[in-house]
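Asks: Here are the chains, one letter per residue:
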Amino acid sequence: MELSLNKEEQTNLIRLVDPAADSNCYVILGKKTCIVIDPNNFKLLEQVFQKWDRKPSVVLLTHGHCDHISGLNELRSHYKVTVVATSACSEEMQNARANMSRMMEMFLYYKSGETKLTSYAPFVCKAADLHFTDTMTLSFEGKSIRMKALPGHTHGSGVICYEDMIFCGDYLLPNEQVVTRLPGGSEEEYERDTKPWLMGIPDGTMICPGHGKPYQMSEEVRSRHDLR
Amino acid sequence: MTNLEKYNKVFRGMFRKKDEELPALKYRGIPLWDSIGHMDLVGELEETFDIRMDTQDVLDFTSYEKGQEVLGRYGVVIE
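In order, the protein sequences belong to chains U and L. Taking our numbering, I'd label the letters of the first sequence as residues 1 to 228. Taking our numbering, I'd label the letters of the second sequence as residues 1001 to 1079.
Not close to chain U: a few residues of chain L, all C-beta gaps over 10 Å, as computed:
| no. | residue |
| --- | --- |
| 1 | 1002 |
| 2 | 1013 |
| 3 | 1019 |
| 4 | 1073 |
| 5 | 1077 |
| 6 | 1078 |
Listed next, the in silico BS3-like pairs over lysine-lysine satisfying Cα-Cα at most 25 Å (straight line):
| no. | chain 1 | residue 1 | chain 2 | residue 2 |
| --- | --- | --- | --- | --- |
| 7 | L | 1026 | U | 111 |
| 8 | U | 126 | U | 148 |
| 9 | U | 143 | U | 31 |
| 10 | U | 111 | U | 43 |
| 11 | U | 80 | U | 143 |
| 12 | L | 1026 | U | 116 |
| 13 | U | 213 | U | 148 |
| 14 | U | 116 | L | 1066 |
| 15 | L | 1018 | L | 1006 |
| 16 | U | 31 | U | 55 |
| 17 | L | 1066 | U | 111 |
| 18 | U | 55 | U | 32 |
Bear in mind the hints are in silico, worked out from the structure with no lab data behind them. Don't be surprised by glycine CBs; every beta carbon is placed ideally from N, CA and C.
Produce the complete structure using the sequences and hints provided.
Replies: Encoded structure:
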């Protein structure tokens, strides 16, 4: 568990890493409640809620792949939360093939270099409580949160902008090019809709990826991700 | 449509090959049939034939020919 403190804004940002697929979940702590981005492991989240004495109020999703929503059903069963996602993401999470949980056992096997078979049960989630097709703006303790649909990695992928941070799901991963061949992915959508938007992210913006550590946008990052 | 026609249609769609090219196809024998392509292929075949393959069978599915044998374990006769 990792805690980052943005001193100017007094915002607490916590990153949790689910060991199953090394995916990130982020928690933004407010005064009494918190926002959860990509709930991938309920047990880890519960530790955060207890340690910082906050209840989750809103859940934001960057996309519907299982390694980013695997803690959602349990979270919903314990807390009254409003889940927000793109309309396509809301569809993805309701289908075990589209959310990849059906093939996750194979995916993890390949990721291990075909050495380790890990049990992974397929699952689906209920639809998002609020969904949108292009953009949605929410308010959290007086601060604006802007969600933007950016298809490519999956049809339902999007980013979440909060203060000087962008939670970008499986775009801009530190050591990996964007993958558009997994269920719901489209190279064409990525090139047409998403790449131009990512190219416009200013230097210094904190990039909070779905896997790996957060880092700042720079020319070097743009070059690495062919964003020119 | 026969099961063979359905089977071939899935392979043609996934790997952009003609019917006569299918029998030679093997897992990792062409760029599109890599691990991601394999998961997609299995998902498409499961939907087409309304079955769910065990992980061991997914691993055994190493070629166009072998896939027919694997599907046979689920009562899907390719002919």
